[in-house]
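J.: Each chain, letter by letter, is given below.
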Amino acid sequence: MSGLSALIRPRWQSFKKEGLGVHQTAKKIILLLVGFVFWAGIFGVSFRVLTYFQQIEELGDILARKLLLMVLVTFLGLMIFSAILTALSKLYLSKDLNLVHSLPISSQKVFTARWIESTVDSSWMVIIYTLPVLISYGVVYETGPLFYLEILLSLVPLSIIGSAVSAILVLAAVVILPASRVRSIFFFLGLTALVIIYITFRILKPERLADPEAFISVLAYLQTMDAPSSPWLPSTWTFDSLTAALRGDVRNVLFHSALCWSGAAFSSFMAIGFAQHVYFKGFSKTQTAPGRLVSSSGKTFPLPRRFFSGPMRAFITKEIKTFWRDQSQWSQIFLMAALIVIYLYNFSVLPLEKAPIDTIFLQNLFSFLNMALASFVIIAITARFAYPSVSTEGGAFWIVLASPISIKAFLWIKFFIYLFPLLILSELLIVATNLLLHVSPFMMALSTITFLFLIPGVVALGVGLGAAYPNFASENPTQIVTSFGGLVFMMISVAYIGVVIVLLAGPVHHYLMANLRGIPLPFSLKIWFFVTFFAALALNLTAIFVPLRFGARRLSDRY
Amino acid sequence: MIKLKNLTKRYDRITAVDRLTLSISKGELFGFIGPNGAGKTTTIRMIGGLLAPSEGAVFIDGVDMAREPEKAKKRIGLIPDRPFLYEKLTGMEFMCFIAEFYDVDRRHLEENADRLLTMFGLENRAHELIESYSHGMKQRLIMSSALLHEPPIIVVDEPMVGLDPRGIKMVRDLFRDMARSGTTIFVSTHTLKLAESICDRIGIINGGKLIAVGTMEQLKKAARVGEADLEEAFLQLTQTEASE
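Chains as they are written, first to last, in my numbering: chain A, 1 to 559; chain B, 560 to 803.
In short, the hints are calculated from the structure, not lab data. Any given hint might turn out to be false.
Quick partial rundown of chain A residues pointing at chain B, CB under 8 Å, derived from the structure [what the hints assert, rightly or not]:
#1 T74
#2 G77
#3 P104
#4 A314
#5 T317
#6 D326
#7 A396
#8 L401
#9 S403
#10 P404
#11 K408
Cross-link-like lysine-lysine pairs, in silico, DSBU-like; alpha carbons within 30 Å at most [as the list claims (entries may be wrong)]:
#12 B/K768 with B/K780
#13 B/K647 with B/K564
#14 B/K728 with B/K780
#15 B/K633 with B/K562
#16 A/K408 with B/K562
#17 B/K647 with A/K285
#18 B/K562 with B/K630
#19 B/K647 with A/K281
#20 B/K630 with A/K408
#21 A/K408 with B/K647
#22 A/K66 with A/K281
#23 B/K768 with B/K585
#24 B/K564 with B/K768
#25 B/K633 with B/K780
#26 B/K633 with A/K408
#27 A/K95 with B/K647
#28 A/K27 with A/K408
#29 B/K633 with B/K768
#30 B/K564 with A/K408
#31 B/K633 with B/K585
#32 B/K752 with B/K564
#33 B/K768 with B/K779
#34 B/K585 with B/K564
#35 B/K752 with B/K562
Each pair of labels, with its calculated beta carbon distance range [what the hints assert, rightly or not]:
#36 A/S284 with B/K728: 31 to 39 Å
#37 B/E670 with A/N98: 38 to 46 Å
#38 A/L4 with B/E670: 53 to 61 Å
No experiment lies behind these values; they were computed from the predicted model shown. C-beta atoms are modelled at their ideal positions from N, C-alpha and C, and glycine is treated no differently.
My request is simple: use the sequences and hints to build the entire structure.
T.: And the structure:
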């Protein structure tokens with residue numbers, strides 16, 4: 001046990017020392033506030049849904065039970081998915097593993113220490129954001145303290161089971177495949193499952209619930225499905241213990257809790273036992289460089305010298321080659337593609353013709369809203385690719401510092417590298433959604449021109465703030481985005497888009513109304529259009545120049 | 560060629576480099592030695608333009624690094640101690656990448672890249688990804704890329720780390736030949752034997768301060784160690800400084 005606690009201690013000590021400075025405290029307070037808003041939002045929605053269910057006679061409880069079961073199955077699924085990625089990093093890819101394995105300690109103990117860390121890391125957030133849903137059950141059903149105690153007593157073993165299952169899957173997979181590739185494969189599989197679930201859900205058309213006739217048949221269908229779920233699923237044991245606690249049935253609570261905890265103990269025992277035989281074998285295999293899925297072609301990009309400076313050509317070539325050769329980027333592209341497919345699909349199924357409002361007005365209204373929504377999609381993509389672009393230089397950033405270009409020039413190069421693909425993507429997205437909405441030529445022109453000016457600002461914010469808050473030590477771009485700087489980027493980008501959209505909303509609304517009523521455009525509206533256009537243009541230019549300058553200054557100050 | 564004027568670097572309350580003044584002339588091979596944490600790497604990083612000094616200035620071939628960093632950096636080939644590179648590029652692609660920054664033309668690049676990669680024993684691995692290279696191979700690649708644009712000044716931090724005996728001998732001979740043909744070389748090292756065997760002058764830094772500078776003979780004289788080697792002189796000088 002002494003070896004085990006010694007292995008866990010550095011992590012605990014680092015945790016205690018994290019964020020001792022004033023700046024760190026301020027960052028934490030902001031993150032906590034944002035986190036709490038989300039938490040409260042989940043609680044509010046859950047509370048509303050459960051209160052609504054309670055108003056439906058007979059079926060309300062069934063629906064609430066179904067929802068609880070779905071929440072717990074999702075919890076287990078998320079837990080397994082998250083723990084697979086964490087366990088892979090902790091057990092096979094962390095930089096300190098060579099040091100840890102060189103210590104006079106058994107690989108089984110190393111596994112156990114790392115698995116405990118992985119369980120805590122992958123479960124805490126899932127638990128925290130499941131709590132508001134479960135607490136809302138307690139509030140709506142007016143239960144006693146037993147239920148709230150049982151929430152913790154049942155979620156912890158469920159997390160342990162999920163993490164143990166993930167560890168067993170990872171241990172088995174790494175014996176067959178190199179760890180770096182296993183991560184990509186699991187990510188692909190997880191995302192594919194998510195997209196399939198979403199599309200299946202969409203095909204079921206839950207909006208039919210809004211139709212009173214269809215609602216009755218759907219409820220009747222749900223009622224027939226109220227059969228007990230598989231007794232082999234750990235989420236069912238948690239479900240049974242929680243529903244027993246909701247009823248105040250102490251005997252059943254004890255029985256099902258015992259089932260949960262014995263399941264957790266058994267799965268932990270299995271994972272540790274399995275690790276004893278295969279963990280070191282897999283770790284050893286990870287040390288050898290994996291064969292690559294894509295060979296290095298050595299082809300160069302014929303970028304004309306007249307249009308591109310030497311450093312620009314060098315960075316464009318480097319970024320493109322590095323991007324395609326890094327398998328971890330593929331899963332991200334897949335994730336973004338899934339996001340876009342879902343986004344476009346939602347537009348294609350909008351029942352505009354059934355709406356009680358004038359279709360042309362509604363189409364234009366949706367097109368306007370679509371500008372904001374599509375911008376959020378682009379923010380997400382910028383956050384994932386442009387924001388970490390400075391940090392992903394990593395230890396090799398010395399090459400940039402030592403090369404004869406200024407940091408300002410380096411950031412402008414990064415800006416242009418990411419601007420063109422993101423601009424093309426965003427224009428395609430807005431044109432495609434506008435075509436699906438059958439909008440007027442005016443709205444088509446307005447949205448494409450707005451994006452032409454808006455996207456450079458978003459990309460500059462991404463590159464500039466990414467440079468202002470770099471994390472050269474991180475190997476994972478996703479981790480870079482979820483930092484304080486990433487949050488600042490998201491917040492400023494959303495505010496920036498919000499202001500531009502609000503600026504445009506007034507004149508566009510009056511223009512549409514005038515068109516709808518068939519009256520000519522008043523002179524004052526034309527003036528308003530010009531003022532709005534120049535105000536938006538000034539804002540866009542500010543959004544381009546200020547963040548890049550800020551990023552260059554902050555980055556230079558570090559050295 | 561390299562002039563350091565009152566060069567100072569402070570990190571909060573710690574002064575890593577303290578008013579360092581030094582001048583290195585054309586074709587000189589200058590050795591920079593000192594105990595761990597003495598300020599060697601910080602000095603190298605300031606000379607290479609990787610770090611801005613808190614006070615003082617760095618002049619490269621008469622160009623102020625703070626005022627015209629791009630112009631100054633074009634005259635330097637920097638070789639850091641830790642070979643962080645773009646792992647997803649091949650060795651040859653990395654050479655092409657570096658060439659773009661120094662206006663190396665196509666013909667010159669093709670000739671020099673092949674010659675340098677062969678010289679550093681990387682010709683058979685030039686089209687493999689850097690991530691598959693060993694530490695020593697990465698170090699050799701950095702050296703190749705630093706020499707690609709034929710800079711008049713080479714700044715090296717711990718050149719022998721990760722190199723095999725053949726590599727060490729090759730680098731030692733190369734530095735000597737380059738200095739003879741007019742290249743200025745500033746080399747920071749822990750390997751006192753290397754400094755003793757190839758350097759024209761040696762500077763000793765301790766606690767951020769330059770405590771001694773001169774030829775081997777001058778250092779021995781300053782340390783009062785008679786005919787002993789550099790190691791003895793180094794220990795004597797750094798010990799005296801510590802006790803003061």
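J.: Compare the structure with each hint and give your call.
T.: Comparing the hints with the structure gives:
Residue-level restraint check for A/T74 is violated (minimum Cβ-Cβ distance to chain B is 36 Å; threshold 8 Å). Given hint, A/G77 at the interface with chain B, is violated; its Cβ is 33 Å from that chain's nearest Cβ, farther than 8 Å. Because the beta carbon of A/P104 sits about 25 Å from the nearest beta carbon in chain B, more than 8 Å, this interface hint is broken. For A/A314, the interface hint holds, the least distance from its beta-carbon to any beta-carbon of chain B being 3 Å, beneath 8 Å.
Among the interface hints, the one on A/T317 holds; its C-beta lies about 7 Å from the nearest C-beta in chain B, closer than the 8 Å criterion. The interface hint given for A/D326 is met, as the beta carbon of that residue sits about 6 Å from the closest beta carbon of chain B, less than 8 Å. Hint status for A/A396: holds, given a least beta-carbon distance of 5 Å to chain B, under 8 Å. Hint status for A/L401 relative to chain B: holds, with the closest Cβ pair at about 4 Å, below 8 Å.
Annotation: interface hint on A/S403 holds; nearest CB of chain B at approximately 4 Å, less than 8 Å. With its C-beta approaching chain B no nearer than about 4 Å, A/P404 sits inside the 8 Å limit, and its interface hint holds. Annotation: A/K408 was flagged as interfacial toward chain B, and the flag is violated, the nearest CB pair being 11 Å apart, outside 8 Å. Of the pairs offered as hints, the one joining B/K768 and B/K780 holds, with about 19 Å between alpha carbons and a cut-off of 30 Å not exceeded.
Between B/K647 and B/K564 the alpha-carbon distance is near 40 Å, which puts this suggested pair outside the 30 Å criterion. The suggested pairing of B/K728 with B/K780 holds, with an alpha-carbon distance near 29 Å, which does not exceed 30 Å. Of the pairs offered as hints, the one joining B/K633 and B/K562 holds, with about 16 Å between alpha carbons and a cut-off of 30 Å not exceeded. Using a Cα cut-off of 30 Å, the hinted pair A/K408 and B/K562 holds, with the two alpha carbons roughly 26 Å apart.
Of the pairs offered as hints, the one joining B/K647 and A/K285 holds, with about 21 Å between alpha carbons and a cut-off of 30 Å not exceeded. For the given pair, B/K562 sits about 15 Å from B/K630 by alpha-carbon distance, which is consistent with the 30 Å threshold. The straight-line distance between the Cα atoms of B/K647 and A/K281 is roughly 27 Å, inside the 30 Å bound, and the hint therefore holds. With a C-alpha separation of about 15 Å, the suggested pairing of B/K630 with A/K408 holds against the 30 Å cut-off.
Restraint check for A/K408 and B/K647: satisfied, since their Cα atoms lie roughly 25 Å apart, inside the 30 Å limit. Note on A/K66 and A/K281: the hinted pairing is violated, with a Cα-Cα distance of about 43 Å set against a maximum of 30 Å. Taken as a hint, the B/K768 and B/K585 pair is honoured in the structure, with Cα atoms around 24 Å apart against an allowance of 30 Å. For the hint pairing B/K564 with B/K768, the CA-to-CA distance comes to about 13 Å; that is within 30 Å, so the pair holds.
Of the supplied pair hints, the one linking B/K633 and B/K780 is violated, its CA atoms being roughly 38 Å apart against a limit of 30 Å. Note on B/K633 and A/K408: the hinted pairing holds, with a Cα-Cα distance of about 17 Å set against a maximum of 30 Å. With a C-alpha separation of about 18 Å, the suggested pair A/K95 and B/K647 falls inside the 30 Å cut-off, and the hint holds. Pair hint A/K27 plus A/K408 holds up; C-alpha atoms about 26 Å apart against a cutoff of 30 Å.
For a cut-off of 30 Å, the pair hint linking B/K633 to B/K768 stands: about 28 Å separates their Cα positions. Under the criterion of a C-alpha separation no larger than 30 Å, the hint pairing B/K564 with A/K408 is consistent with the structure, at around 27 Å. Pair hint B/K633 plus B/K585 holds up; C-alpha atoms about 16 Å apart against a cutoff of 30 Å. About 28 Å separates the Cα atoms of B/K752 and B/K564, which keeps this hinted pair within 30 Å; it holds.
For a cut-off of 30 Å, the pair hint linking B/K768 to B/K779 stands: about 19 Å separates their Cα positions. Note on B/K585 and B/K564: the hinted pairing holds, with a Cα-Cα distance of about 17 Å set against a maximum of 30 Å. The straight-line distance between the Cα atoms of B/K752 and B/K562 is roughly 26 Å, inside the 30 Å bound, and the hint therefore holds. Checked against the hint of 31 to 39 Å, the C-beta distance between A/S284 and B/K728 comes to roughly 34 Å, which is consistent with it.
About 40 Å separates the C-beta atoms of B/E670 and A/N98, a value consistent with the hinted range of 38 to 46 Å. Distance hint check for A/L4 and B/E670: the Cβ-Cβ separation is about 59 Å, which falls inside the suggested range of 53 to 61 Å.
The structure fails hints 1, 2, 3, 11, 13, 22, 25 (numbered hints given earlier, in ascending order).
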